[in-house]
Amino acid sequence: MSNPPVDEIERIVIEALTGDRRAESRMLQALRPGVLAVLRYGAFHRWVDAEDLTQETLHIVVERVRARTIDDPRKVFAFAAATARNLALNAARKVLRQQTVVDSELVDELAQNLEMEQSDLSDSDDRQLAEAVMALLDELPTERDRQLLVRFYLEGVDKQQLCRELGLSPKHFDRVLMRARSRLRTIIERRAPHLALFPRITSILAALALSFTFWVRHFGSW
Amino acid sequence: MKSLDRQSLEEQTRLVSRYVAGDLSRSERAEFEAWLIASPELAAEVEMERRLRRGIASAARRGWLRRSTPSRQYTPERRWRMAAAASVVLSVMALSAVLVFPERSSKAPGSTTTASLPARLLPARTVHLGSVRSMDTTPDVVVMRDQAPSELLVEPDVVTLTCEDGTLDFECAGGAAPSVPQYAEYEMDLVNRRGSTLAWRSARQLPSAGNRLSFVIPTPGSLAAGDYDMVVRGHSPDHEEVVARFWLRIAE
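Residue numbers (our numbering), protein chains in the order written: chain A, 1 to 222; chain B, 1 to 252.
Simulated from the structure, these hints should not be mistaken for laboratory data.
Residues on chain B that point at chain A, a partial pick, calculated with CB under 7 Å:
# : residue
1 : 14
2 : 34
3 : 36
4 : 43
5 : 49
Where is the CB? At the ideal position from N, CA and C, for every residue including glycine.
The following block holds chain A by itself, in its conformation from the complex (with noise of 0.2 Å):
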């Protein structure tokens, strides 16, 4: 099963709109994997639980949509990125609060200026994923591509300057780096698939939960 394409979540909303309730589960579904993926990557990812605020935030966006009060989906995705944002700043300043740093700007400088990686893999976790990486490096077709992404990614050269000492046009620099992210979710879910992070059947699970939640509260029943 595939991730329905942009147009087709486009679709899925503006029929959510009308007041279709069908609909409005199957917008869950589709927006769920994107307010996660704010939540998660976004600058406050280590001060928030992201499964959590995800509910919260697809909780506000049904809520809105059925009081009308957007009428265009493309602002439904600007209001979904806007509202897990906020919900995950108001979760990073009650942390930073402790340590007496309540302005807004100063807290959003802090999250950005501190390293964003996770912390969250297991020793064994990492392991795998270090090996997938290797054999990724060992596919690529030039060892100009393997240079690019490892002084990319590890020695964190700009893109301009490798564009300059590797003889490449920043497409052919953005090429490489989409090939390999995507031959990365190839070999990934084939050798590790408790890495990928979008588990599809998790994604449904949870859309079905959140649907069964709201239909209960609006209608006390199934």
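Since the structure of chain A is provided, determine the placement of chain B on it from the hints.
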């Protein structure tokens, strides 16, 4: 947010690295995150970007990357295949020796070399292992009990070299290559997977630059049949870490 077309999505995909690195401006980030909500495809890209960054950093920490020839320093599958091929060749040679010369050894009572060993105990066997265990579903080393070598010499390539100050890097201060072993001592445990019991432990070894570690498992044929983990551990005065784990099978 721009129109939800494929071209705009591709434009956003180019921003993935900058987003994960925290390099987007506030407005770019807001637009990018709205796209993230709308596109699981983009979310998957972000996820893999994080994995890629972390995986490369982890591989570097483990010493699997070298600046000059990154792809040649680490080839676990290739190394495992070579080790497996070497094991097969050695096993075939050993088996041939047993089949071709069985009478000679039994008819040589004066030979002190063979007299002290059981009839089918073969000469010591050496196994070179890569820094990473194969991710395959077969053991790294197989020893048949009835054709067991007198000793199993395990030489794992697991010592990571660091700079003088202990940092893991491609290049140390002054451009020198890392040359200091990460841990002062290394040891190997043989752990029976059934019951997780310790079957054997080596003496601690001091690593030396340019030489592999070498652990001698005496009379592997005397071990109970089954699967074992060969766990290599690095020790420093204030820390210890499992640096490699290999799979040994003792088969009937």
